[in-house]
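S.K.: With chain F fixed as given, assemble chain E onto it according to the hints.
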Amino acid sequence: MSTTDLESDSPAPQTSSMRGSGRRVGDSVFSYLSVGSGLLIFLTLAAVAIFLTSESMPAVIASQEFSGTSEFSLIEVTLPLVYGTVLASAIALVIAIPISIGIALFISHFAPRRLASGLGYMIDLLAAVPSVVYGLWGGIWLVPKLEPVYVFLNTYFGWIPLFAGEPTAPMRNLASASVVLAVMVLPIITAVSREVFLQTPRLQEEAALALGATRWETIRTVVLPFGRGGVVAASMLGLGRALGETMAVLMILAPGATFSLHILEVGRHNSIAANIASKQAEASGVDMSLLIFTGLVLFVLTFIINALARWIVARSGPKS
Amino acid sequence: MNVRQNKLVSLAALGLVGGLALAGCGGGSDEGNGGNGGGSGASDNGGASAGGYAELTGNLAGSGASSMQNAQTAWTESFMGLVGAEGGDLTVTYDPTGSGTGREQFLSGQVKFAGTDAALDEEELAASTEVCNDEQAFNLPVYISPIAVVFNLEGVESLNLSAEVIGGIFAGDITNWNDPAIADLNPDAELPDLDIVPVHRSDDSGTTENFTEYLSKNAPDAWTHGPIETWPIDGGQSGDGTSGLISTVEGGNGTIGYADASQAGNLGTASIQVGEEFVEYSSEAAAKAVDVSPREEGREENDIVVELDRTTEESGVYPIVLISYLALCGSYADSAEGEAVKAYASYIISEEGQQAGLENAGSAPISEELRTEAQAAIDGITVG
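Sequence order for the protein chains is F and E.
FYI, the numbering for the first sequence is 1 to 320, going by the working numbering.
FYI, the numbering for the second sequence is 1001 to 1384, going by the working numbering.
Next comes chain F alone, as it looks inside the complex (with noise of 0.2 Å):
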């Protein structure tokens, strides 16, 4: 399937020119075409790391840390929006991601061909309402829905730190951001991890199901541990999802900025996106270059994320 290939198969050249030169035109269009598609990835990303990072000068030069005077901090402002955004995310994954996995074993394993194509259609189908919508549901119809669970996790459960202090209602805390976000998350998880799941190579499970394994051992043995890696790069494509939302986030929280872990009160937390998001439009000068260094700091924190992904899909992919 090679070039080469192709090159020795085709028959000695007739001299016709025009037929092959022909081709060799097409060959080389499409050969410039996608080398500069795959180049304008990184023209892109150099647009906005570069704009990041010096529109973000102004408020590093000014800052307490580089000029010793000023009245803001780089790390004061920036910190506890890392720490809202990263907490909000992981919560998201942590409730996201084992009824993902639920949902895409029950389509790839359990369910009637039948239901499982509709059941495909209807996650399918999550991921393409907008945030926006999401924010207004969640802010108006699932925040009241939740408040009773978070009385009873706050009575019941309050020496758990996570579930401590005193929510008050309307409860636009941070575990319904995180609630809605795993909502979000869930479609892109289950989506990529059904794939996974269906790509187990046959004659495995099938070696399983004969050696008398029933089909949740099956699936312990065989189909879980074939797709850990793709279940990781699936649920690292939702963190990626969750760390960036803005509309959402913005629209249900009520903001704060502590290291507060108590999820359950209001006004304690935010995500960088949506202070970008709420701040800007009355921002100008160095509030604005702080903004955008929040930003920068977001980009930063996605490509790391990126990159612990790869290593963790790289070590922990299927053995072969």
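Just so you know, the hints here were simulated from the structure itself, not pulled from any lab data.
These numbers come from a predicted model, not from an experiment.
Just to be clear, a hint being listed does not mean it is correct.
Covered by chain E, per the in silico footprint, the following chain F stretches (three or more residues, Cβ under 8 Å) [claimed, not checked]:
| no. | segment |
| --- | --- |
| 1 | 136 to 143 |
| 2 | 159 to 173 |
Ranges between beta-carbon positions, derived for each pair [said to hold, decoys possible]:
| no. | chain 1 | residue 1 | chain 2 | residue 2 | range |
| --- | --- | --- | --- | --- | --- |
| 3 | F | 71 | E | 1175 | 24 to 32 Å |
| 4 | F | 141 | E | 1108 | 41 to 49 Å |
| 5 | E | 1175 | F | 48 | 40 to 48 Å |
| 6 | F | 65 | E | 1173 | 33 to 41 Å |
| 7 | E | 1192 | F | 68 | 48 to 56 Å |
| 8 | F | 155 | E | 1175 | 19 to 27 Å |
| 9 | F | 73 | E | 1085 | 51 to 59 Å |
| 10 | E | 1109 | F | 43 | 26 to 34 Å |
| 11 | E | 1179 | F | 166 | 15 to 23 Å |
| 12 | E | 1155 | F | 157 | 28 to 36 Å |
| 13 | F | 41 | E | 1192 | 57 to 65 Å |
Okay, the calculated bits of chain F under chain E, using three or more residues with CB under 8 Å as the criterion [unchecked claim]:
| no. | segment |
| --- | --- |
| 14 | 257 to 267 |
| 15 | 277 to 284 |
Ideal Cβ placement from N, Cα and C applies to all residues, glycine included.
M.R.: Only chain E this time, still in chain F's reference frame:
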């Protein structure tokens, strides 16, 4: 083969991570969502500036405060309707970039007028000569908006509140609705034994600034944080934008917040103590607050900036208002541009324009007296 495909899936998935995370940053924050500037049926009297619309052509761009976004939408649409009806061809746009950005763009000549919550100061006026054909720019108060203190308290429809009490509530010192300080002002109301949940704006906002300025002028002991744009107290309930704040107040019981009066909806609104009486917000009472306030001193005749008298005790004045200004050049080099600006500004301050603001954004129409002065300032713009 399967293994390889599996890896490919993983890699493809990873490649998308970055893209999605970045896509998230692009989400705009459209403030408010009224914006139904339906053109208010372009009535056929052209007001003071009738005629001349036929000659207006080209593009006129402005930017600035998001507070007057809904009003500007109504103004641009109905003004363009009027111009079009007379055979002119002018496009007016207003980009709600925020006050600070609006002033920057105005002073760098990118836009020909700006909307701003804070009037251009001396330094900015001096800088304006570079883009204003060697004349100074000036400010006109065109958008007066009452800020209502809204609350959601079962069984209580109206409340009387003083600056002291409001300050105490928002500073977190008065924490229960049956607090004697509130009960004293409302002898007839049945106040429940319920925690007060103060709700503030989570974004930086001119509404917050005007609200806290009122508090710090009238109750400096109860509200010690001064006039601020960003909420100074950590934690607490909040909402993004006016709509977010309102939905937060609606979502709880015992909540209290402050918002553009036009957006208060079904929520209870407090009457504010002024002198000995309690004043319910209304556009007349808000406009009156501007009328009883002195002009800021040391400014040119045409530069109309109001120094809001927050502590007035005059009867029938609602003191919690927000004023947004229109920043214009004293002179425009391009005559088509200058004529367009003059016509548009005249329309905004006209009775018709102010009425459109009231209908679409709930702003308070400016008084006749202020209109006369503003019109004189606009007429003073030199062109060409």
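S.K.: Against each hint, give a clear statement of whether it holds in the structure.
M.R.: Comparing the hints with the structure gives:
no., hint, verdict
1, 136 to 143, "holds (count 3)"
2, 159 to 173, "holds (count 4)"
3, F:71 x E:1175: 24 to 32 Å, "holds, 30 Å"
4, F:141 x E:1108: 41 to 49 Å, "holds, 45 Å"
5, E:1175 x F:48: 40 to 48 Å, "holds, 47 Å"
6, F:65 x E:1173: 33 to 41 Å, "holds, 35 Å"
7, E:1192 x F:68: 48 to 56 Å, "holds, 52 Å"
8, F:155 x E:1175: 19 to 27 Å, "holds, 21 Å"
9, F:73 x E:1085: 51 to 59 Å, "holds, 57 Å"
10, E:1109 x F:43: 26 to 34 Å, "holds, 31 Å"
11, E:1179 x F:166: 15 to 23 Å, "holds, 19 Å"
12, E:1155 x F:157: 28 to 36 Å, "holds, 33 Å"
13, F:41 x E:1192: 57 to 65 Å, "holds, 60 Å"
14, 257 to 267, "holds (count 5)"
15, 277 to 284, "holds (count 8)"
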